[in-house]
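**Student:** For chain X, the structure is supplied; the task is to place chain U on it using the hints.
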Amino acid sequence: MGFTPLPITAWSAVNALGTTTRDVLASLDAGRTGLAPPPFELPFTTYVGATPDPLPALPPGQEAYDCRLARLGMLALHDVKDAVDRSIARWGARRVAILIGTSTGGLDATELAFRHWVAEGRLPESFSLRTQHGFDALGELYARVTGIEGPTYVVSTACSSSGKVHASAARLIRSGLVDAALVGGIDSLCRMTLHGFKGLGILSEQRCRPFAKGRDGINIGEGAALMLLERDDAHQEPDPLRVHLLGVGESSDAYNMSSPEPQGRGAREAMERAMEQAGMRAEDVDHVNAHGTATQQNDMAESIAIASLFGDRVPVVSTKGYTGHLLGAAGATEGVFAIHALRTQRLPRALGSEELDPEIRIQVPLDGPERRVKRVLSSSFAFGGSNVCLALGIPMERAS
Amino acid sequence: MRPLYLTGISLWSPGFRDLRAFVDDARDASVIDCSARWVPSRLARGTSRLTRMLGEAAASACEAGGADPRTVSTIYTSGYGEIETMIVQLQTIFAGDGQLSPMRFKNSVHNSASGLGSIGQGNQAFSTAIAAGDRSVEAAMIETWTLLDERGGDAVISAADDALPAPLDAQCAREGLAIGLCIASEQPEAGALAMLDGLRMDDETPPLPEAFRGRALSRELATNPVATLLPLIDAVLERREGRVPLAFGVARPWSIRVRPLAAVRT
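Chains as they are written, first to last, in numbering that gives the first Met the number 0: chain X, 0 to 399; chain U, 0 to 265.
No wet-lab data here; the hints were simulated from the structure. Some clues are possibly wrong.
Which stretches of chain U does chain X cover? Using the computed rule of at least three CB atoms under 8 Å from a CB of chain X, they are [unchecked claim]: (1) 91-98; (2) 111-124; (3) 133-146; (4) 166-180.
Heads up, incomplete: computed chain X residues facing chain U, CB under 10 Å, no partners named [to be verified]: (5) Ser127; (6) Glu139; (7) Tyr152; (8) Ser174; (9) Phe309; (10) Arg312.
Pair by pair, the computed Cβ-Cβ distance ranges are [as the list claims (entries may be wrong)]: (11) U:Leu207 - X:Gly91: 24 to 34 Å; (12) X:Gly60 - U:Gln90: 28 to 38 Å; (13) U:Arg26 - X:Glu119: 37 to 47 Å; (14) X:Ala35 - U:Arg242: 34 to 44 Å.
Just so it is clear, CB atoms sit at the ideal spot from N, CA and C, and this is done for glycine as well.
Extracted from the complex, chain U is given alone in its bound form:
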């Protein structure tokens, strides 16, 4: 398969409004939610924070990569998806009046961000939503690579998982994280951050990342499947060529080679 070009990166996490704040470890306690700028305001009501995180990551990555939000292909990926909305609805069924909000039900599907994003941007191009647990980033990268190999053009991967609501948080304590990547099939004239190639399956099981740019990652963040992308971001920021896995803590993960091309403007 032909190489791909990474043209934009975005990040949002509670306390960090963007990639620069996260890289600089500039935590802002007032950042507890993100905008729904890819979602029409009339439809934003009843969306989960996860939907907004996925939309924000997609919008910012698209902007950073200079892709056209009306025509870019979008690949959304999340391990547990719209589980917050699901719990609200189960509460209504089993401890409430059983009358589900139509708006909330529409937004409970795993592809909520995909649908709302396409409506908001008037984008009739390819869009999908993937769920692959700890392999969510890996799956999205494979889906994106084979899509661009077939069709060419630009694509945005938006990966997000949020903290789980009670009572499910007892089984999986997790900190919210959303990362977006804008990827092109051809090297753009304006340049690219990195060339990506060498997609392959490996034999070793890489351990969870413990640190990012010298600071320790909490277990709640490191176990978020989206944190898989932090070593890739670090390699691009440090302009360090090398291979990065696309999943951690799983057998036979896929990996890619990152060849930085330009400095990142965070």
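Just chain X, same shape as in the assembly:
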């Protein structure tokens, strides 16, 4: 099955590391964590990756969509808007798609409305289920603001959501339905997810420590990340460092709703399929941005999968120690981090992994080394056994 590499002509990320892409990537380069105690009261202790407040209000005319999720989404859109405008001018508004991944949708707004209902016996006047809670409201808002008229929908497969939208977008472009797609993921901090992971017993009370000895669970984060995938990039600003989407691998564990298959079978299949689409062999992979949630089970299963493909040759970093687990926004956010590694030839320091688990037999670089990085895998695994892996980098035929 042939996969034509797709140039990524713009990208953005906002999260606990900053409210602009530049700030986020500067914090990543500096090895600064965004994890801190929650900015709101909870009946338990944890750290979260909260995007610095205040988040700007939505543009005039879009107030009906207002919620934290939408504000995060609009912040991320700001840094890719010019490229999106050029894409629409080149391909036509109907030939550009919007595919967004989210796990929570506008749950943050619904929580506020529900709390109001418990106290007052009625929902607040300002609450709109359709435009604030509805998962599709994200795409609708982006369509209104950008003028994109192509297929617009949300993939919601929990933590693999914004990885899987890359596969959907690639298929839409390959099939000829569209020529470009704005893809990405957005999730905001919600009490329900924090309480839920606490109930599962996998929420850490300290900063998370992916792949570390004694790791004890995840931190939840929030944020948004976008990429613009296009059939070609002739109309965009020339860029000798252009990163391409080389392939996407998807798999299903068919094992357990919340625990990975212990040998990492589904994770391995997703990585293998991404490499197969990209025409890559294991020796072509220079870096893996791991899912690395810092739970005992995920990190062990994932490390087994990675080691079975690469041994300890490939440097593996989880960036959850910077942002926390962004759930539905994780795949796109970590894809942006992978793009940054490819463009700077520098890997993120493995924050939180300082005392490595001796049972984990992969290479986790602690110093943020400069490396030759031409091709990267970035994985996301989710509830329901939904796995996805992005292959990003320089297309094989252009490699030297």
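**Tutor:** Using the frame of chain X, we list chain U on its own:
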């Protein structure tokens, strides 16, 4: 893109246990829930009716279409998804003890039916879960078409939205409906119900369907995004060739052409 072949249809709605009952308007008040036959019994506890509706629609469509449940690709779509489970959890947080059930939390994700279905059938093939509001069917069809165009094989679309729980029902009164379609990339030897082709975007905004096979649809049913598929089912049942929209009441909906090939066994 190459045409696709519709090989099986399923339907479940409160009062109607299957497609035949719905087509015949044979309402049975005892039908208030559906089976969870695609979900392992040990995992069925704590699932919402929506999860069971999505599983039932997928299972019945797969069976009707003769696809292998262990290898078929599955595309689940729902506007509001697991909102019933969400409300139960919000009640626990804001009016209860705050201790969320781990089982319920696991099943609160939009892809619950996808995950449970793959576990239940031992199916490691492609699976996804889509949310697109009133465009949920349209989005699932686009996703399915481009998937089969790339990979070939069989796929099941399972589309469902249930009635909303209080207090959200004040903003959206809706009757539950689940419809499943089994679709193949090649015409099967056993025959197909219809050929589907001509996927395209249209300019007109089609109004909500008012009737199905001569009987009026309630507004609560017509506004369910899944009801989008009723005109397609009607065209297949009546062996009527034509174009059907994949979303109603929205600007620039996508549509497909339906070319019936065989009578439907309901």
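**Student:** Does each hint fit the structure? Answer for all of them.
**Tutor:** Hint check results:
no., hint, in the structure
1, 91-98, "holds (count 6)"
2, 111-124, "holds (count 11)"
3, 133-146, "holds (count 10)"
4, 166-180, "holds (count 5)"
5, Ser127, "holds (7 Å)"
6, Glu139, "holds (8 Å)"
7, Tyr152, "holds (4 Å)"
8, Ser174, "holds (4 Å)"
9, Phe309, "violated (22 Å)"
10, Arg312, "violated (27 Å)"
11, U:Leu207 - X:Gly91: 24 to 34 Å, "holds (29 Å)"
12, X:Gly60 - U:Gln90: 28 to 38 Å, "holds (35 Å)"
13, U:Arg26 - X:Glu119: 37 to 47 Å, "holds (38 Å)"
14, X:Ala35 - U:Arg242: 34 to 44 Å, "violated (55 Å)"
In this structure, the hints that do not hold are numbers 9, 10, 14, in rising order.
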